[in-house]
Amino acid sequence: MIASVLFMVLTLVVALVQDGYTTQASAGPIVVDGDTATRIVTTHPGDDSLVIAGASGLYANDGAGWSTIGPVPPSGHIAATGDGAALLLAGDHSHCMLGGPGTSLHRSDDGGQTWTPVPGSLDYRPIAIWAEPAIALASSCAGLQSSFDGGLTWSPLASIEPGWDFTAFAEIPQADGSGPLVLVGLTSEG
1 MIASVLFMVL TLVVALVQDG YTTQASAGPI VVDGDTATRI VTTHPGDDSL
51 VIAGASGLYA NDGAGWSTIG PVPPSGHIAA TGDGAALLLA GDHSHCMLGG
101 PGTSLHRSDD GGQTWTPVPG SLDYRPIAIW AEPAIALASS CAGLQSSFDG
151 GLTWSPLASI EPGWDFTAFA EIPQADGSGP LVLVGLTSEG
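Using our numbering, read the sequence shown as starting at 1 and increasing by one per residue.
No lab work stands behind these hints: they were computed from the structure. Any given hint could be a false lead.
[Unchecked claim] Just the calculated beta-carbon pair ranges, DEER-fashion: (1) Gly120 x Asp176: 16 to 22 Å; (2) Ile172 x Ser56: 32 to 38 Å; (3) Pro180 x Asp62: 21 to 27 Å.
In this text, a Cβ means the ideal position worked out from N, Cα and C, and glycines have one as well.
Could you put together the complete structure from these sequences and hints?
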């Protein structure tokens, strides 16, 4: 069951909207040098590259083809900046109401070549990260977390109560270049 869900999630779907109708066609799983994608890296909005993680490595496609950019990253969700993915975060949290083993948040500042655990950041799921001004967002069972030093230290966003789980994310472009301004979708596990 889990394998079929991963296949469905990691299968490219091509959608064509024409005359008010949408047509979808499966393009198959993403496979690089025999390694099937297990995770898609969340990159900065507007970044044209696609970054994936497989069982054998970390890969990027900038439109010209796939290249290996690093070893297998730590488990969990992966978020990257939009500057060629130099800064990455990887981690996850268990189901908040069910508990489970904790996962350390890991950080890479060399494009995924090396990863180091971030002290004091157990059970953080990275959502987004911006290289400038070094802002990162993560979800945890204690609520939405923010970092203003590229993911090295974290603090909760006081305006969102604990007990909500992150489900969606979107950046809203600002005409004056300020920001980032983000919308975060949340759901309760209760």
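Hint by hint, here is what the structure shows:
1. Remark: the range hint 16 to 22 Å for Gly120 to Asp176 is contradicted by a beta-carbon distance near 35 Å.
2. For Ile172 paired with Ser56, a C-beta distance near 37 Å keeps the hint of 32 to 38 Å intact.
3. For Pro180 and Asp62, the Cβ-Cβ distance of about 23 Å falls inside the hinted range of 21 to 27 Å, so the restraint holds.
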